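Each chain is listed here by its residues.
Number of protein chains: 2
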Amino acid sequence: MSIITVSREFGSGGREVGKRLADILGYSYYDREIVSEIAKKTKLDENYVAHSLEKGNLGHLPINFGRTFSYPSVIMTDAVNLFSEQHKIIKELAQKGNCVIVGRAADVILKNYNPIKLFVYADKKSKLARCRERGASNENISDKALEKEIKKIDEQRAKYHELFSDIDWGKKEGYHLCVNTTDRDIKELAISLAEYVKFLMK
Amino acid sequence: MSIITVSREFGSGGREVGKRLADILGYSYYDREIVSEIAKKTKLDENYVAHSLEKGNLGHLPINFGRTFSYPSVIMTDAVNLFSEQHKIIKELAQKGNCVIVGRAADVILKNYNPIKLFVYADKKSKLARCRERGASNENISDKALEKEIKKIDEQRAKYHELFSDIDWGKKEGYHLCVNTTDRDIKELAISLAEYVKFLMK
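For the record, the sequence lines run as chains A and B.
Heads up, the first sequence is in this note's numbering, so the first residue is 820 and it goes up one at a time.
Heads up, the second sequence is in this note's numbering, so the first residue is 820 and it goes up one at a time.
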């Protein structure tokens, strides 16, 4: 059984890389299913779960456990439940067979499966352009403000990852391959990348 | 014309990656030729040049220009000449056509050619094993001492690189692809990697 985890900077196209890799390899791709499953199990609103976890953007959820008592206990309970359910569901999905999972610290959660760990990144300009292209953010936002938003999301991803691992998010040492998507067409990139990933899975 | 630069941690197998990529792609591979050429032009002993530059190990050459005056002027002159010749020769070779150049800050020196920039790395254990395998060092050296030697060489490489560039050596942002060779057979790896490199050169 082979598992591929794709960690990525916001706006780098890592999600598309993961989806396309899964398609080329005939692997399952888990994304929104994870959110739906968590919502079902925790009886929390799916949008709330998505907002809190999908993009690694934990928003107001308490990351700093030293400040726990300043948060209402319901949010604290939500956070623990969300983390716990996400871990459980990712492990359940991994057991079903070959798959690609993007983000969600899956590289750490599934470490016993020895996943192939990819990291996808790009330069600032390229990430800004990709964010605008897919309309992920307000059209009226300035480049500077969007850049700040991207940085904040990545910082949250790093923080989330580091809750469960000693290995820093985004440091090349933690991955089998780090892929720079700057100025690249993801569709074409994925085709060539799949060849290298096949080698890594041998 | 396509140029591929391979930066690498000592013991990661990056040199072999570069050589094999060149063979697969039918590209020139420049390595010892650069040293011979520098020796010829500077009238310095080839082994002295090799020792000083080949592995990015500048030995006693003055890196810290703030301390220039504490070095004998002949060494200072050698250093400047070596650096200068190396830059010139790398640029001359690049003009000859498709090639792979390993190390020597070629990624920075040839930046106007928009080279494909790879970085090859591996974990400590793997680098130690590779160093022992190829007998690059004293057999009686302890793991700890060898590890220290590897670290020192990489630090010199980083320092050399940073003389000419604002981009930190080994930071993934400076490369198109970062390849972890831990527990991989370089021969097989190069075959799959060549596919991705072809994509990058499109």
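Quick caveat, the hints were computed from the structure, so don't treat them as lab data.
These numbers were taken from a predicted model, which means no experiment stands behind them.
Any given hint could turn out to be false.
If chains are identical, the list can't say which one is meant, so a pair holds when it fits in one copy or spans any two.
[To be verified] In silico DSBU-like links for lysine-lysine, alpha-carbon gap of 30 Å or less:
no., residue 1, residue 2
1, Lys944, Lys1021
2, Lys967, Lys907
3, Lys930, Lys1021
4, Lys1021, Lys943
Structure-based check of each hint:
In this assembly of identical chains, Lys944 and Lys1021 lie within 30 Å of each other by CA distance solely across copies; the values are 21 Å between and 36 Å within a copy. Proximity of Lys967 and Lys907 under a CA criterion of 30 Å is satisfied in neither setting, with 32 Å inside one chain copy and 41 Å between copies. Taking the closest pair of Cα atoms, Lys930 and Lys1021 come within 30 Å of each other only inside a single copy of the chain (18 Å); across copies the shortest separation is 35 Å, beyond that limit. When the C-alpha separation of Lys1021 and Lys943 is checked against a cutoff of 30 Å, the pair qualifies only between copies, where the shortest distance is 22 Å, while the shortest distance within a copy is 34 Å.
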